[in-house]
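Participant: Given next are the chains, with one letter for each unit.
Number of protein chains: 2
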Amino acid sequence: MKKVVVKAPATIANFGPGYDTFGLCLSAPCDLVEAELSDEKGISISQKRIEKEPLKSPWRIPTDPRKNTAGVAASELLRLSGKKTGLHITLTKGISAGSGLGSSAASAVGGALAAAELLGIGDKKIILAASARGEAISSGAQHLDNVSPCLFGGFTVVIDHDELDVIKMTPPEMRIVICQPAIVIKTAKARKLIPEHVPTRISIAHSSWASGIVHGMKSGDVRLIARCLQDEIAVPARKRLIKGFDEVRQAAFDAGALSFSISGSGPAVYSLAQKNHSRIGRAMVEAFEKVGVEADFFISKPGNGAKVIRKE
Amino acid sequence: MKKVVVKAPATIANFGPGYDTFGLCLSAPCDLVEAELSDEKGISISQKRIEKEPLKSPWRIPTDPRKNTAGVAASELLRLSGKKTGLHITLTKGISAGSGLGSSAASAVGGALAAAELLGIGDKKIILAASARGEAISSGAQHLDNVSPCLFGGFTVVIDHDELDVIKMTPPEMRIVICQPAIVIKTAKARKLIPEHVPTRISIAHSSWASGIVHGMKSGDVRLIARCLQDEIAVPARKRLIKGFDEVRQAAFDAGALSFSISGSGPAVYSLAQKNHSRIGRAMVEAFEKVGVEADFFISKPGNGAKVIRKE
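Chains as they are written, first to last, in numbering that gives the first Met the number 0: chain A, 0 to 311; chain B, 0 to 311.
Hints may contain errors.
Since the list gives no way to pick out one identical chain from another, each pair is judged satisfied if it fits inside one copy or across any two copies.
Claimed, not checked - In the DSS-like style, the derived pairs of lysine-lysine whose C-alpha atoms are separated by at most 30 angstroms in a straight line are:
(1) Lys300 x Lys1
(2) Lys66 x Lys1
(3) Lys191 x Lys82
(4) Lys1 x Lys185
(5) Lys217 x Lys306
Everything labelled a hint here was simulated from the structure, so no lab data went into it.
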């Protein structure tokens, strides 16, 4: 085996009440990460364009392997393997960078999984750690809330970031309507808006909503998940970064959404709904357009995580 | 039917990270509440002694039906039923009042369930509401975290106290070692010690521990439950009310406990463990005695909730 291709999906971190802990894997969009053994030591990176460009991205992905999340993740595994080989990575971005949908995490997981496959590393915890180190290059801090659902699929709860202690569960069949506005948010800036303290009653509410979401995931109760998909910590602090947030939220509920929240640190927003998914998506886009913000929407469902789709 | 007897068990509220939301029903000890139709309108109450007195209780249970939790709960249902009858209640306390083991909630649930049975009220939400009103007479505020597990059994999560929105799940087979020291704590005073704000990182940790506990309950993972049975909100604020807390905690862990926490607002403390339950209980008692506090211990398992055990 000299070459592998990995498909690594978008993810919703901070899912509802689970700031810094919950993550949901989506079925699409995905990044494609191709890794090939090379005689030249170290990591090199190139990018491929895809026919359908990902939704408007204001970001450029660095191809310097020390600054690219896929490169850093792959490099970490290369170092661990002790093998005297090189890797060439070709990145095809299907997830819009800076969208709040775990774009940098997907590339990191893709790079890690592809490298692991080529280098014969099977331990998922090692792959998770390498992915997290890769993702940290982009976000500035090691967080597992995007890399975990991207690697494991389904719904994940990070119990301990340092210990790589993650619980995985399989969500019920459901549809998520995701709307991406053309707004630029830096994760580091969004992070600074989170208050250092919260009222105890809000902390209590978050624990009970988080419990409701886990119960809903385990028992297949989408209505319970939607009802508990609330956030009184990150959303109130961050919604000011998303022009038109309140209007878009109202439009989503008016169109039949059961919930509305921010994906990761935004700007993407999403709703759960049992029907009228396209109508909800269009309503969100129109509400953004009314306040002068371009937007797109797509409908996804929970996904199964990153996987090797080709070996040569 | 003229008379019913209900057995209503002890409960652990504030279970680990679930302050004001999680509750676990125990298999024992229980209060016995006997209710009998009477020609005399309104509610009257008497108390029976039991052969084995409950563990040292510093509290007297009022027999004034407007101040007794069973009386208030039963009275609420009598009012709702619109029936022109009276009820006589005989209360046999098996749960030590003021222990932190949901003594007043058990009497309230017992009174409500016995009255509901006699009056032909079957709706559990109405019985829950009446129980909560009864319990509020003792604690000063309407909280569902003891009455819910006592009425429904198993492990309960209160999503919304006002909406009586409660999730119930069945815990795995496990043993809980409970130690009751002869210390007096007033719930209202213990409540005042809870800080108004908490660090956001602690709120995040609580949400992830709460998620781990729910996942553990649903998947039968006792080790995960024990690992997530942590509390950085109530326990640090309240442990000063329990003389010897740190020493008893250490003794429990030294004897093999997997976790250690305060039941409700205390003074009872408890541990989960997979073996050596008696050794852990004795170690707790000895550690309390070393600091001059009398104590007892008992071992319980999750229970199935209040039930009618006799009808005449």
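Participant: Look at each hint and say if it fits the structure.
Facilitator: So, going through the hints one by one against the coordinates:
no.	hint	result
1	Lys300 x Lys1	neither (33 angstroms within a copy, 56 angstroms between copies)
2	Lys66 x Lys1	within (24 angstroms within a copy, 79 angstroms between copies)
3	Lys191 x Lys82	neither (40 angstroms within a copy, 61 angstroms between copies)
4	Lys1 x Lys185	neither (37 angstroms within a copy, 70 angstroms between copies)
5	Lys217 x Lys306	both (24 angstroms within a copy, 28 angstroms between copies)
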